[in-house]
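Novice: Okay, here's what each chain looks like letter by letter:
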Amino acid sequence: MVFSSTFFLFVFLPAVLILYYIAPRKVRNLILFVFSLVFYAWGEPVYVFLMIMSTIVAYITGLLADKNVKGRKPWVPKLSLLIAVLWNMGLLLFFKYTNFFITTANDFFGLKINNLDIVMPIGISFYSFQTLSYVIDVYRGDVEAQKNYLTLGTYVALFPQLIAGPIVRYKDVAQQLAKRKETMSNFASGVHRFAIGLGKKVLLANAVGKLFDVISNTPQSDMSVTAAWLGIIAYTFQIYFDFSGYSDMAIGLGKMFGFDFLENFNYPYISDSITEFWRRWHMSLSSWFRDYVYIPLGGNRKGKFRQCVNIMIVWFLTGFWHGANWNFMIWGVYFGVILLCEKLFLLKGLSKLPKIIGHIYALILIVIGWGIFAFDDFGKLSQNFRNMFGLSGIDLINDQAVSWLGTYAITFVILIAASTPLIRKLGSFVKKGFPVVYSCVLQPLMVVSILVLSTAYLAGSSFNPFLYFRF
Amino acid sequence: MNKKTEKISQIIMVSVFILFIFGFAVWSLLLKDREFSEMENRNLAQFPSFSWKSLNDGSFTSGLEKYVSDQLPMKDELVTLKTDADRLLMHDLQNGVYFGKDGYYLQDYKENSEQVEKNVGYINDFVSFCPDVEIDMMLVPNSISVMSDKLPASATTQDQNKTISKVKEKLSDKIRFYCPMDELKKAVSDGTQAYYKTDHHWTSDGARAAFDGFVKFLGEDELKAQYSCRELDGFLGTLYSKAPSAFSEKDVMKLYTDKDNKLSVNYVDKDKETDTIFDSSFEDKKDKYSTFFGGNFPLIEIKSSNAQNNKKVLILKDSYANCAMPYFTSMYSDISMIDLRYYHDATKPTVSEYVKQNNIDKVILLYNVDFINSDDNFTWLM
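Same order as they appear, the protein sequences are chains A and B. For the first sequence, position 406 matches number 406 in our numbering, and the numbering has no gaps at all. For the second sequence, position 264 matches number 264 in our numbering, and the numbering has no gaps at all.
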């Protein structure tokens, strides 16, 4: 199930909210757990058992990974940590990467191994990272092992963050899981946050995503350099509003149930460097790799050379985490190299230049990065880059590109404004002048408008006039 | 802002949200399920039947989602809101339809050369089966090419003239080929509404202009019949349904009757005979264009008491032909209409056998460009 569907908005969410709030506090985790399993099983009726199994492994290895238990032999925590790592990585490798490895081996060695009939379980990249970080944290002594299976199960399955993150760490929500207080103020800001996320996904990401789809399906004979850039810029906006919208919805839903998840995005496209971009983009993932890969590898404590190697390892893995394909690895390495350059000399140079130069530099590299990310078909990927840089003999601009520019001009203005803190600043400015009008009228009005418009767009997407009788 | 107003603002925010999601939830529970959507012209999803198998393969849950989204209260109004919000953003092309000037919806056109060539090939094969019959063809351009000046500036649609010349060039020279582009353009510039604003069909007046041009082209006498006219207003057609806007202008449909001409209309295989080409049961429905004949049927035979020519004519047609029938029936005494989309019964004579068995004097192919560009039923000519 996805949040941006009429079924979620008008059936699932009302049902879980009403049961949650009429139930006594003691059973609220159980209600969340059961509804989360339904939410997951909705599209994956079989793989829900895999997730439960994963939680059981995390539960047992977590209990045994605690080093502070009296009389426990030192090898026990070590072994359970190893099992947790092997289980989670094994799961991820098997379900996400097996077919990629088979295809690659076939290509390289001329083998003819058939691909396995594996469908990747939804959210496996997220929940295996979460359960793994839980066991590691217990092992490190950062957090106590959870003795209640239901509490741990609720953490792993918690539907707001289950299928697309943010990657919530157990230690950040451990207290809330055991004891949390749902408040009106939390619920209200959750509503506001959820509406913003829904609007980002349904109104902005889907609209501009349509343009990317159209352009990437345009025959080469109708392409132009402008159209190629326009397409990839559309994708740049689509992926940001899609993903950050989903995180906003997750955070907002969390608040409705009394949880505080950490932020996942912080206006990434206003960055002045790639280093800054990665501090603002998918923050829960980059901090995961920092804490569980980069620092354990030695981080920057073992000299410049080791640091460079560590950075490249982390970025190779970050890329690979995004999908079982070469383009994601290239994408990761691409950013690894840029970050390395920035660390070694570029940042120093950029700081001497006007800010706008750094901003343009960062944006161009980000857009090119998405150009690598967007196509998992290598032929399409290179064709697109040849189009972007005018190496395929196409025109700089043609009628079709002008038409897209015209019809999407307003959309792009809205997208650009929404990528910056402009609207938020405008809000606080109005709030300062007219606090009551703003909080009691304008803000609720905005939320209602977004909800109604989003519902209209959802209705529109399922609106299939059947016109075959036409002639 | 003091604590109290802050509390109030939070209560407002939460109530608004709760009202919204529970409002829709309760409303859809109370609302009786709709079977059919006139706007979308399709059956809507109903509550799925449960079985362990359907649960396991995911068809139950996806059916449930379809059910909820199909039965959403105010769905048509919400879609209208979406269309207009998109228009506000200057998205002039939605669902394959342009929002043109003066309230005209114009259906986008992209040539499907392969289909066109196939269809022309089938027609040519058919001609070789009917060597002794006169065969004429009228290929009607669509509003997007006749009224291309109504297109928004951003439009990038393909020129139908290219398709028309291609058909003309590849068509067997035994067929007399006619395209009423100039007549329709002239009619439009003289102030006739030749196409509906909200529907993909031409109007009865557009059909008349083309019919007169066709007869002149064939060198036959011009139509002498006198018609009385009845108007049906409030027509919102198929193009409106594709991108419903609250600002659409409704169309008026004209029904022309030749009072001096008694008809007998026989819906072959349907056990239905009437004395009119109109089916009044559609007058109050959304699908008003089906007032002509009640839609499309495999084979309809019409006899006219007072036609200008005593000829047996077979018309191979799409729905553009339906509103031109007042003129054809006043012109020819015996008319058979075959719609290849429905004429699929293998136990019935093929079209060329039908021509021979019924001593047809003249075959007319009457199609619009969009149809010949997209339909794959011409194979049933064989």
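Source of the hints: derived by calculation from the structure; they are not laboratory data. Keep in mind the model is a prediction, meaning the values are calculated, not measured. Certain hints may be false.
Stated by the list, open to error - Keeping only pairs whose Cα atoms sit at most 25 Å apart, straight-line, the calculated DSS-like set for lysine-lysine is:
id, chain 1, residue 1, chain 2, residue 2
1, A, K380, B, K110
2, B, K216, A, K431
3, B, K216, B, K166
4, A, K210, B, K66
5, B, K7, A, K431
Novice: Next step is simple, just say for each hint if it's right about the structure.
Specialist: Going down the list of hints, with the structure as the test:
1. K380/A to K110/B: holds (24 Å)
2. K216/B to K431/A: violated (74 Å)
3. K216/B to K166/B: holds (23 Å)
4. K210/A to K66/B: holds (22 Å)
5. K7/B to K431/A: holds (15 Å)
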